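For the protein sequence lines, the chains are A and B, in the order given. The opening position of the first sequence corresponds to residue 1 in our numbering, with each subsequent residue numbered one higher. The opening position of the second sequence corresponds to residue 1001 in our numbering, with each subsequent residue numbered one higher.
Bear in mind the hints are in silico, worked out from the structure with no lab data behind them. Since this is a predicted model, take the numbers as computed values, not measurements. Even glycine gets a Cβ: it sits at the ideal position worked out from N, Cα and C. Hints are not guaranteed to be accurate.
[To be verified] In silico contact screen, one side only, chain B against chain A (beta carbon under 7 Å); selected entries:
1) 1022
2) 1067
3) 1077
4) 1429
[To be verified] Here are some chain B residues the structure puts well away from chain A; computed CB gaps all over 10 Å:
5) 1162
6) 1201
7) 1240
8) 1368
9) 1371
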Amino acid sequence: MTATRPNPTGVNGGHFQSHYIPNTTDEQSEMLAALGIDSIDQLFADIPDEFRNPTLDLPAPLSELEIQKELGGMAAKNRPLGSGPSFLGAGSYDHFIPAIIKPLITRGEFLTSYTPYQAEASQGTLQVIYEFQTLVCNLYGMEVANAGMYDGATSLAEAALMACRVTKRGKVALADSISPAYSAVIRTYCQSQDITVETVDPSSPALDTETACLVLQYPNFLGYIEDLQSLVDSAHAQGALAVVSTDPTAMGMFQTPGHYGADIVTGDGQPLGIPSSYGGPYVGLFATKQEYIRQMPSRLSGRTVDKNGKTGYVLTLQTREQHIRRERATSNICTNEALYALASTIYLAAMGKHGLRQVAELCYHKAHYTAAKIGELPGFSLPISGPFFQEFVVQCPAPPVEINRKLMERNILGGLDVSEQIPNGTLLCVTEMNSKEDIDALVTTLSEIK
Amino acid sequence: MQQGGNRKTEKLLLERSVPGRVGAVLPDLDVPAQALPDKALLRDELPLPEVSEPEVVQYFTGLSQLNFSIDTHFYPLGSCTMKYNPKINDEVAFQPGFAGIHPLQPIEQSQGALELLHKLQGFLSEITGLPAVGLSTLAGAHGELCGMLMIRAHHLANGDAGRTKVGIPDSAHGTNPASAAMAGFEVVELASDKDGNVDLEALHEIAGPDLAGVMITLPSTLGLFDTNIVEVCRIVHEAGGLVYGDGANMNALLGRVKLGDLGFDVAHLNLHKTFSTPHGGGGPGAGPVCTTSRLAPYLAAPIVTQNGEGYELSTPEKSIGKLSGFHGNFGVLVRAYVYIRTLGGAGIKSISGNAVLNANYMMNALRGVYLLPYDRTCMHEAVFSADWQKDRGASGLEIAKRLLDYGFHAPTMYFPLIVHEALMIEPTESETKETIDSFIQALIDIDREVTENTELVNNAPHTTPVARLDEARAARQPNLRWQPEAAD
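The shape of chain B in the complex, shown without the other chains:
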């Protein structure tokens, strides 16, 4: 859709500026003007836009229309759980009694908020089988940092300063090694075996007195439930290490198994994946940390505790400290609470059932069309390889880009790193069978196009606001902000 006039989005805010235009009117000063400080303390110019309110609304509306999103497109981005984001969650979080409260106001004036947080801690504990929960971490990777600092603090408290290594499977998200490194650990990569499970021999090799622990994503980023998991936890524990769980893929396991029962010591959840809070083009998220009673004293501050009839914020006894300015991404936590209350126990279990059913249905329909490097029952997502198509001239990247022309967001590409030409597809439970069927058909059609019209696929996308972008130029000559002299 092409907009005309000032509704075109090409011009940036500062290019649109017309001296004298204003986008907001404020009240007049109603107290006597006060002496200004020394002029040297004040700035001369404020290089911000001068645009009227209609222009602002039209410009940002136009920009929004350049995006794919869950509300407008099927978004089967593996490992991201792009499920429907319920509108009631937003409505509740935006009401003044939640959005309008100050984080430092006296706790007797925020009892409703604290009650909600306390109950959410309980729900997440019940879902993970881990008795203690902290909500102050602001994203998945932030939760990972918290958990790894807790593991470090636990070993140090036991006089175990020699535990410096953390084992991380070669299929893991990049945040895992990055978080372990930020927590001061040396990362040791753990190989996967031929079935996509953690290779037990490789694990045995690192399970020594210098092992602090391992970071495991369950199901793995191959979309598989690691059938060695109980043994993995046993080996790590026997060596004196602890098991961290990356909960990015919890959508597969809700109500089916509890991480605590399997032997995990500490795990984070991604409320912006499993618990339906909107991803907002890259955030906000929330990464609550769930843990055992043994590690509970190390949780980041604050946690919410019940005191008689009321609720309060408190600092766990041996807390690693504060990891965020206040108490966590409250607005996100409210949305997740509403989601869990709406679905209840039966609905929560229905999520994993339908997410896993949809993924297997799709995987089965595409078996034989795209290579399945690990051909087993998958969990919430299936990882294909585009190796067969690459032999005919189109890589996974081209296939992903071609899907955009069919009106589908691309799957995750080239991840996990251990699969050539990986296409990681996660349909989620909130899509209809009709949508999944048409997506399957699109992938079958594209496979045919690879043979019949390779150029069509390799020059895709053809229908998006821009064609394939020059990423090398962006990195070689970084242009990261608009400046008048740099204007085209």
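Chain A extracted, bound-state conformation:
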């Protein structure tokens, strides 16, 4: 607290007074006097002398003005999605975000509140969670949803662990068509449990009576719609659960996983009004059947009444959770992504019944238009047949990394290189954000590649 600024022009001369810390040196002295001591350092006497007050080699403080300049400079070294057409998806999607979301989620009453343990002081957050649970259930055709998980990958991993608890079995079967990142996260979560993780071919999944669950993605990682009914049935035939990671935007038009009998449905809520933000924060969606509710991870908000009979909301069924059940909890999750559950709820409210369908249909038609145009180009082909939503694979006449370099010369962000799965394959994503001009620019640029 004795450190000085290089140019001591402020109100306190050479003394650095942070604008986040109100106590002045006079107030500190007054408080120390009340304690009968004369320095703050005395409060830290329990720390062994040889370790107390180590050197701390951090840069000097910056004013807000300097922060804006420095961080603006760092931000300028990145290329944001809005600066040109983008056809990259693969788990993080560029969708329209209504302007109302940011001002609502940055209201201090939402942004700077804690987990709603004190229900009477947190009815806003608790009612939002109840709305979120309702809308996630309706989106996926499921009976119960929780207050949200960290992201789509961890939701799916927790679903696999939950399926093992429900079935008391120890084998997790991953369709080879799910996201490689999701698959990796599931393996990390399962490594210390007595759980075997295997990969199966979704066209003929080899399951047996040891299988706890079949893990699917809908649409799959490459964008295509698999025969969900027969896959769910094949899991059930072995007494296994069907776990389906589902793109919420696709639910604007496609049949729900609940309709096919899925037991646990997860997803990443990012497409629902959350910016791509280099991969986070997002929110994990998690829904299941009523009968499995006590094996569910994470918070739940329940509707009840107060002592005067007025409707209100509280966190409920908390005996599943770590702060009550400790090592026997269904999960260690505590802090989740409440603010982005709020963002998704506002998004679903604003887009509503008509808007979400429109978004899904715009994505569908634009993606199919793009695929058809590229499919006509010499040297390019669509190696996978079957229904898809907004993503599809194109086989290119050159390595995707070269294609993407050519595209970037025209300020177009190309797709994800999936050549490990499909030779010279690129995974393209087309959403409502891509205008016909963007798409035609992509097709024209590709047509110039020999």
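The hints should help you fit chain B onto chain A, whose structure is shown.
Just chain B, lined up with the frame of chain A:
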């Protein structure tokens, strides 16, 4: 404040729906319509709300006003470090150059983001005294899982598969035992001694060849700096175990001591506590993991490394694997970076000094009014017991609820578990002396009310949007989503 008309918040979105209303308008399709897939693949109905944009804004604004928050109320929730959340942090994180970048775009197009992450790794390393840092874990408990999986991987790599037990103090957060169990360990509870430190005899008893390690929160959840800590680390290390640090309470230690110097092997930080990122009603958080060079190869992927002039994402040599979909909660990491840059070394040290000063000032003023089960210099928070008030008819719960009527958020109650009627109060460094004085006065007034008007306290709160809620009914007949037939 009572709103009228459609601005009332009672009705839920689906109850407000009016067929034909829309809350957003999208552009027309500008490409030729394409053939739709087989109708069997498509859903018939989409049960989402039909509300206009003004209604959405009014409804959610109304809901927000039912909350207590740091911006509106003093929020001395112990163990949660509810400090001021600077607005510049949000402004920086929301700018398109950060919020608008795709996690899979080529790294040459995200060098600014990677540079920020690399520098943040360095800052957190300097603050903890632990040389290696990974940023991909998304909350404190997620960091705990990562750290415990690293400990497990380290023992397995040494052929030490018999190390199956983890010692955790009885004062620990519930996430500690839950994370240790998720990482495959058997949890052994460690008693605290009469001063609130880890009981060294209890530790000696479990310090054998089956000990994988211990999980220690420093300062402890009693708000105390464990004066045995160096000895704790020595005993665990001598037995071949490792020491995990739960950094939830780091606000007390910033610039005062480094966990690495004390002997911790791996620790997480809660950026949404110590480093001012907003808690958002329950998240997002970020739980970076800091560790020694010995355990660094096990960190979760990815970490950010420098390669000549540029930065890249890489996977540590013996990584436990990926724990999140992409690279971490970037938006939260940006906010923490801005906070550290704003405060600099001097400011960082000023945080702990003022946080600990405020807590001791408050504790001292309430000594004699509320029971102090461990009456020593506290760190960033003080744990009282409401046992004296309970003898007069009001429990810790009632006192906490009564504080809401005074316009203060309640402290953490009934935690840590080893203190009867615990009230855990953390004022943080960002509150004024005037606020802390008025909070002290409120607790003194409530103590008087317990004697003079017990009913007033026991029926609190009286001024919040709802009164005491029926939690038993919520659990017995769970109503977890709105359905038309269930409408009142």
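Inset, instruction - Say whether it holds or is violated: residue 1368(B) keeps its Cβ farther than 10 Å from all Cβ of chain A. - result: 14 Å, holds
Legend entry - Restraint outcome when residue 1077(B) is required to lie within 7 Å of chain A by C-beta distance: 6 Å, holds
Inset, instruction - Mind checking the CB of residue 1022(B) against every CB in chain A and telling me if the closest is under 7 Å? - result: Result: holds, 5 Å to nearest chain A Cβ.
Legend entry - Hint status (Cβ of residue 1429(B) to nearest Cβ of chain A, threshold 7 Å): Hint holds; residue 1429(B) Cβ to chain A Cβ min 5 Å, cut 7 Å.
Inset, instruction - Against chain A, does residue 1162(B) hold up as non-interface, every C-beta pair farther apart than 10 Å? - result: Since the minimum Cβ distance to chain A is about 15 Å, residue 1162(B) lies beyond 10 Å and the statement holds.
Legend entry - Beyond 10 Å from each Cβ of chain A, as asserted for residue 1240(B): Non-interface label stands for residue 1240(B): nearest chain A Cβ at 19 Å, farther than 10 Å.
Legend entry - 10 Å cut-off, C-beta based - residue 1371(B) kept clear of every residue in chain A: Since the minimum Cβ distance to chain A is about 19 Å, residue 1371(B) lies beyond 10 Å and the statement holds.
Legend entry - Proposed interface contact between residue 1067(B) and chain A, which counts if any beta carbon pair is under 7 Å: 4 Å, holds
Legend entry - Interface-negative label, residue 1201(B) against chain A, beta-carbon threshold 10 Å: 20 Å, holds
The structure agrees with every numbered hint stated previously.
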